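Protein sequences, first through last, are from chains A and B. To convert, note that position 86 of the first sequence is 86 in UniProt numbering; the numbers rise steadily by one, no gaps. To convert, note that position 255 of the second sequence is 255 in UniProt numbering; the numbers rise steadily by one, no gaps.
If you're looking for bench data, these hints aren't it; they were derived computationally from the structure. Predicted, not measured: the structure shown is a model, and the values here were computed from it. Careful: at least some of the hints might be erroneous.
From the structure, some residues in chain A lie toward chain B, with a derived Cβ separation under 8 Å [as the list claims (entries may be wrong)]: (1) Thr146; (2) Tyr148; (3) Gly154; (4) Tyr247; (5) Ala250; (6) Ala254.
Below, computed lysine-lysine pairings styled on DSS-like, alpha-carbon distance capped at 25 Å [stated by the list, open to error]: (7) Lys142/A x Lys126/A; (8) Lys361/A x Lys337/A; (9) Lys53/A x Lys216/B; (10) Lys216/B x Lys79/A; (11) Lys216/B x Lys395/A.
To give an idea of the chain A side of the interface with chain B (calculated C-beta under 10 Å), a few residues [said to hold, decoys possible]: (12) Ile92; (13) Thr101; (14) Gln271; (15) Leu273; (16) Asp301.
Glycine residues also receive a C-beta, built at the ideal position from the N, C-alpha and C atoms.
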Amino acid sequence: MSSVLLSVRDLSVTHGSGTRAVPLVHSVNFDLARGQILSIVGESGSGKSMTSKALMGLLPPNVTATGEAQFRGANLLDKNIAPPRGTGIGLIFQEPMTALTPVLTIGMQLTEAMVVHGLADARDAKARAIQMLERVGIPNPKQRMTQYPHELSGGMRQRVMIAMMMLLEPDILIADEPTTALDVTVQAQILDLLRDIVRDTDVGLILITHDMGVVAEMAEDVMVMKAGRVVEAGSVHQIFQAPGDAYTRALLDAVPSVETASVDSKPTDSQALLSIRHLSKTFSGGRAFGIAASVTRAVDDVSLDIMPGETLALVGESGSGKSTLGRILARLTKADKGNVTLAGTDLLSLEGAPLRQERRKIQMIFQDPYASLDPRQSVGAAIAEPIKIQTTLSKADRAKRVAQLLSRVGLTPDMASRFPHEFSGGQRQRVSIARAIAAGPELIIADEPTSALDVSIQAQILDLLSDLKSENGLTMLFISHDLAVVRQVADRIAVMRAGRILEFGPTEAVWASPRHPYTKALIDAAPVPDPSRKRSARAHALDTFPMTPLIEAAPGHWVAL
Amino acid sequence: MWRFIGTRVAMGALTIWVTTMLVTLLIHAVPGDPVQIMYAQSQGTTPEQIEQVRRSLGLDRSIPVQYLMYLERLFQGDLGNTIRGGQPVLEVIMQRLPNTLVLAVASMFIAIVIGVPIGFLAAYREGTIVDIGLMVLAIAGISMPHFWLGLMLLFFFALELGWLPVSGNGPMNLILPALTLGLSNAAIFARLTRSSMIDVMNQDFVQTAFAKGLPKAIVLRRHVLRAGLLPVVTMMGLQFAFMMGGAIVVENIFSWNGVGRMAVEAIFQRDYPIIQGFILTFSVVVVVVAIAVDALYAVLDPRIRRA
């Protein structure tokens, strides 16, 4: 444990040179020992990824690193030395969907570097690759060798990525947000795997993440970065129990805790605003001459009511059908069966002018604020557009309304003439919210509205949404994969998997006494931002959950058991 | 994989079927009486003769009947007879089609052999003087019309230097027309290859390959080139159709005895059976090439195969 592998002193990274140089990382110092897990925490733009790229010699052109990083008796930042990529330091990326070459087999990608580095000949490399696949928990490893990345799930691809790097027997593994793109249950498995690998091979792990829950669960030592500077470093207990820096405290506070509930749900006996009955939608893949080769039940016989003024959360992992359901309600996707009524009007049968009329009443907020605003439209115009279409306000009145809306979502009226690229992600999401509430909708469908944002920004957006809810009586369908976020905003939760609702009830009831094993697995898998309470239970096998019709287990608490 | 190709073949057959219908209608799309127009230039045709030609072409029947008759003959391998000379159209086309195919394939070969490496080099040296120079050259190549480039090549290599023959058919005669067609397409391939390679080089999996410690040469050859060539392969299929079209101009400049030149002559002479046969043959060639390209695409990109 004591032997220092990597010793970084005064590492700085700069973009450009001379008078136009922009510093990205300022004078970072740390040591990494064998078998140690060091976590570098920070939000986007903090320089945490640049630090790791500098160590790998993978900085983009125009970006230079200075300082010292002693590894195996050489300075990694010395440009005259070939960086020990792969064999010295392995790097695991965030996005397993794009990090593997789509046109080469898994086997090829696993073995090629071993052969290039002279670690094994082709046959030996293949045998070791199969062994390693088994080690990282991939079933049928022999078969996988001949498959292509697209034939594997995201979690499996991340395992392949880990196997690929570990086959080169590096001393250091850098994992750059390795689980951010994965579902929470899969995240738990990958974190377990990484921890096992560190324990078994004594590799030093640098875990880069923005997620305090992941930090608490994995790391022994933590380094908090902000705007290219290390603001605080220390042991994980020290950081969580007695954070010295204001920014660290802010980061910890911003984490939507699974411990604190903020919603006081008021049961309503009134008529449902939106009522969904027996809704189904199937997608078919591999269509040839109109005959589908495979059928996916995206939404499978779903019935739900949303009461006026409540926030109903639809929780599920990728592929659960939660977004499809949201899109059906917004009439962006057609349903196969079932019906949906909004305040008594049948939504799904509407066409033409009546449909446009009803559309005003349901508005959407999308996940990615970078993609959901037209880059060539000023934000004022974007917000004014629904007002123009749905009301008869004059131009001057519209401008007044836009100014009001901008102040309402925490921006200033003079921002109306600016364009989306002039705003940060959080500000853009505020614009999206202003646009959604512009025409006075009765229901807002928010599809992962904070998933693309940093935690501190996420907290602000969630606050804004709950303000709008309490002050304007907004009704909202909140779609999310993140139970902790959901707990903070929702009155009721519906847990969805493979197109079906497995559990449904008041937030506190579902949270305190989850009845369905899948709900339990989801809650268990969520990393808790408390290093003294490391999650021990392994994630459940995921294919074996009961999916029967819902029964009422407690008043208002339904479960498929 | 086989279902993918099966689908493509079926779509190709559908395309050709639609072409047969259009070809039948073509003769009626010309304003006025087609037979009279056909014979407008020849003197001394009696009304009886014209009536006979009309009957032999089936033009006295209704259009659906004409179409069925046409299909019936087509399935027997009969594309009709030329109006001048009365030879079987199929025979006339088949005599010349190989020449055009040789020209198109040679041009495609030149276009790829020159265009892809240039694009790859430009991408590798993105933003440098090499890149800019190559791309200026490529724009010049794209902008230059076939007939102009052809005439210039003819002027220098055949007339001034005397290295190559001016016209005719033979291996040496192939070089200039193939260069004419190939060079302008090389410019298109160069630009496409460059942008596609740059696109791929910015992808995550290239970072992964570098992170494994692979040397740049292997990363480029194994990871970048194959993924980056996919759009180029698609373009090959499209460009082949354009090359067949371009052959019409180039064949005339170099007096290359292909179907393009034949088609131009037939159009001037209003020889409808040949024009119909030419369009049909052309569409069959283009469809076959498109299917071949799709199959190649499936080989290169496992995601298309659909396990």
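Status of each hint after checking the structure:
For Thr146/A, the interface hint is violated, the least distance from its beta-carbon to any beta-carbon of chain B being 10 Å, above 8 Å. Taken as an interface hint, Tyr148/A checks out: its beta carbon lies about 4 Å from the nearest beta carbon of chain B, inside 8 Å. For Gly154/A, the shortest C-beta to C-beta distance to chain B is roughly 13 Å, which exceeds 8 Å, and the interface hint is violated. Restraint check, Tyr247/A versus chain B: the minimum CB separation of about 29 Å is more than 8 Å; hint violated.
Hint status for Ala250/A: violated, given a least beta-carbon distance of 31 Å to chain B, over 8 Å. About 28 Å separates the beta-carbon of Ala254/A from the nearest beta-carbon of chain B, more than 8 Å, and the hint is not met. At most 25 Å may separate the alpha-carbon atoms for a hinted pair to count; Lys142/A and Lys126/A meet this at roughly 9 Å. Only pairs whose Cα atoms come within 25 Å are accepted, and Lys361/A paired with Lys337/A is accepted, the gap being roughly 22 Å.
With a C-alpha separation of about 17 Å, the suggested pair Lys53/A and Lys216/B falls inside the 25 Å cut-off, and the hint holds. At roughly 16 Å between alpha-carbon atoms, Lys216/B and Lys79/A fall within 25 Å of each other, so this suggested pair holds. At most 25 Å may separate the alpha-carbon atoms for a hinted pair to count; Lys216/B and Lys395/A exceed this at roughly 58 Å. With a least beta-carbon distance of about 9 Å to chain B, the hint placing Ile92/A at the interface is held under the 10 Å criterion.
The interface hint given for Thr101/A is met, as the beta carbon of that residue sits about 4 Å from the closest beta carbon of chain B, less than 10 Å. A cut of 10 Å between beta carbons decides the hint on Gln271/A: the least distance to chain B is about 48 Å, and the hint is violated. Because the beta carbon of Leu273/A sits about 43 Å from the nearest beta carbon in chain B, more than 10 Å, this interface hint is broken. Look at Asp301/A: its Cβ only gets to about 29 Å from chain B, farther than 10 Å, so that hint breaks.
Of the numbered hints listed earlier, those contradicted by the structure are 1, 3, 4, 5, 6, 11, 14, 15, 16.
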